[in-house]
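Per UniProt numbering: the sequence shown = residues 1 to 299.
Simulated from the structure, these hints should not be mistaken for laboratory data. The structure presented is a predicted model; accordingly, all values stated were derived computationally and were not measured. Cβ atoms here follow ideal geometry from the backbone N, Cα and C, with glycine treated the same way. Watch out, some of these pointers could steer you wrong.
[Stated by the list, open to error] For lysine to aspartate or glutamate, the following EDC-like pairs were computed, each having C-alpha atoms within a straight-line distance of at most 20 Å:
hint: 1; residue 1: Lys118; residue 2: Glu192
hint: 2; residue 1: Lys14; residue 2: Asp132
hint: 3; residue 1: Lys118; residue 2: Glu271
hint: 4; residue 1: Lys128; residue 2: Asp30
hint: 5; residue 1: Lys276; residue 2: Glu192
hint: 6; residue 1: Lys118; residue 2: Glu108
hint: 7; residue 1: Lys118; residue 2: Asp186
hint: 8; residue 1: Lys79; residue 2: Glu271
hint: 9; residue 1: Lys128; residue 2: Glu52
hint: 10; residue 1: Lys79; residue 2: Glu108
hint: 11; residue 1: Lys79; residue 2: Glu20
hint: 12; residue 1: Lys79; residue 2: Glu52
[Said to hold, decoys possible] Okay, the calculated beta carbon distance ranges per label pair:
hint: 13; residue 1: His262; residue 2: Leu298; range: 36 to 46 Å
hint: 14; residue 1: Arg183; residue 2: Glu20; range: 40 to 50 Å
hint: 15; residue 1: His262; residue 2: Asp131; range: 18 to 28 Å
hint: 16; residue 1: Asp131; residue 2: Glu108; range: 18 to 28 Å
hint: 17; residue 1: Asp132; residue 2: Ser190; range: 25 to 35 Å
hint: 18; residue 1: Glu83; residue 2: His188; range: 19 to 29 Å
hint: 19; residue 1: His262; residue 2: Arg29; range: 45 to 55 Å
hint: 20; residue 1: Lys79; residue 2: Val39; range: 35 to 45 Å
hint: 21; residue 1: Asp30; residue 2: Asn130; range: 13 to 23 Å
hint: 22; residue 1: Asn247; residue 2: Arg27; range: 46 to 56 Å
hint: 23; residue 1: Ser259; residue 2: Arg29; range: 14 to 24 Å
hint: 24; residue 1: Ser2; residue 2: Lys276; range: 14 to 24 Å
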Amino acid sequence: MSQYPPALLIINGKSASNEEVRAAVSRLRDEGQILHVRVTWEHGDAARFVTEAHPLSAETVIAGGGDGTINEVVTALLKLPTEERPILGILPLGTANDFATACSIPLEPELALSLAIKGRTVPIDLAKVNDDRCFVNMATGGFGTRITTETPEILKSTLGAVSYFIHGLLRLDALKADSCVIRGPDFHWSGEALVIGIGNGKQAGGGQQLCPGALINDGLLQVRLLTTKELLPALVNTLFSGEENSNIVDVSLPWLEISAPHEIAFNLDGEPLRGKHFRIEVLPNAIACRLPPDCALLQ
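Work the whole structure out from these sequences, hints included.
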């Protein structure tokens, strides 16, 4: 019998036939670990499965998929009463796996599942958006958001994270800034933003370090804007490389509000959201997550 409490694995249906995952689950069960498995078919399934954790006495809910799957599981966890809220574990199976990669979570299913069940528990922040949505990694707006949402599925399945970069190169002719106003504690900015990054985590879009100073347990969000009207690829590269540039605004805030005269699109951990007004605020220590000792997102 395993010394670890039962766990619930919620796996994205696209990865249900992954033989490495099946083998890892079997090995853990052979060791005596109680590991329940649920497979999603459509949006909303993960949230429904999360409510089964308490009746199953599952101490940990493992999100098996990409950043979008993690987002759906985290959003559902946040809606549970605190005393019934399981610990989050992560099994990275997506195209980009930005949050898992930044956290140094292993990409090998056996190692990731072992960490998700046996790893240390750390309280982490979440970001709430307009009272009804949230993200654990990053909200992005502007050109980068259009690229990640428009990249064809066949390109992502064939090339993985590099597909975002390739599709971005093909769409450089579509570079266009969004006019908006952003305010927060002792901060006010208005103008045209080509790229907007609001990071609880550091990277998005398949490994781009959009918010390199972000941490998931500091009670702050790193906000980075590329504000230039000179729509040159070199300036976009500067944003991701972290080099100093007068066209980049960089600030850390516990909350911010974004208003625009027209509808703009945001991407919350891979999930789209459109609107003219957004309020985004940190929820400190909102959930517990099993993370490796070398996690670079912890202060």
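Status of each hint after checking the structure:
1. Lys118 x Glu192: violated (46 Å)
2. Lys14 x Asp132: Roughly 27 Å separates the two Cα atoms, so the pair is violated.
3. Lys118 x Glu271: Judged against 20 Å, a Cα distance of about 29 Å means the pair is violated.
4. Lys128 x Asp30: Violated. Lysine 128 to aspartate 30 sits at ~40 Å, over the 20 Å cutoff.
5. Lys276 x Glu192: Distance of about 14 Å is within 20 Å: holds.
6. Lys118 x Glu108: With Cα atoms ~15 Å apart, lysine 118 and glutamate 108 stay inside 20 Å; holds.
7. Lys118 x Asp186: violated (42 Å)
8. Lys79 x Glu271: It holds: about 18 Å lies between the C-alpha atoms, which stays within 20 Å.
9. Lys128 x Glu52: The hint is violated at about 24 Å.
10. Lys79 x Glu108: violated (30 Å)
11. Lys79 x Glu20: violated (32 Å)
12. Lys79 x Glu52: holds (13 Å)
13. His262 x Leu298: 36 to 46 Å: Holds, since histidine 262 and leucine 298 (Cβ atoms, about 38 Å apart) stay within the stated range.
14. Arg183 x Glu20: 40 to 50 Å: holds (47 Å)
15. His262 x Asp131: 18 to 28 Å: Check passed, 22 Å falls within 18 to 28 Å.
16. Asp131 x Glu108: 18 to 28 Å: Given about 38 Å between the Cβ atoms, the range is violated.
17. Asp132 x Ser190: 25 to 35 Å: holds (26 Å)
18. Glu83 x His188: 19 to 29 Å: violated (40 Å)
19. His262 x Arg29: 45 to 55 Å: Because 53 Å falls inside the window, the suggested range holds.
20. Lys79 x Val39: 35 to 45 Å: Check failed, 21 Å falls outside 35 to 45 Å.
21. Asp30 x Asn130: 13 to 23 Å: Between aspartate 30 and asparagine 130, where Cβ atoms are some 46 Å apart, the hint is violated.
22. Asn247 x Arg27: 46 to 56 Å: Once the Cβ atoms are compared, 51 Å apart, the range 46 to 56 Å for arginine 27 and asparagine 247 holds.
23. Ser259 x Arg29: 14 to 24 Å: violated (52 Å)
24. Ser2 x Lys276: 14 to 24 Å: Roughly 51 Å apart at Cβ, these two residues miss the hinted range, so it is violated.
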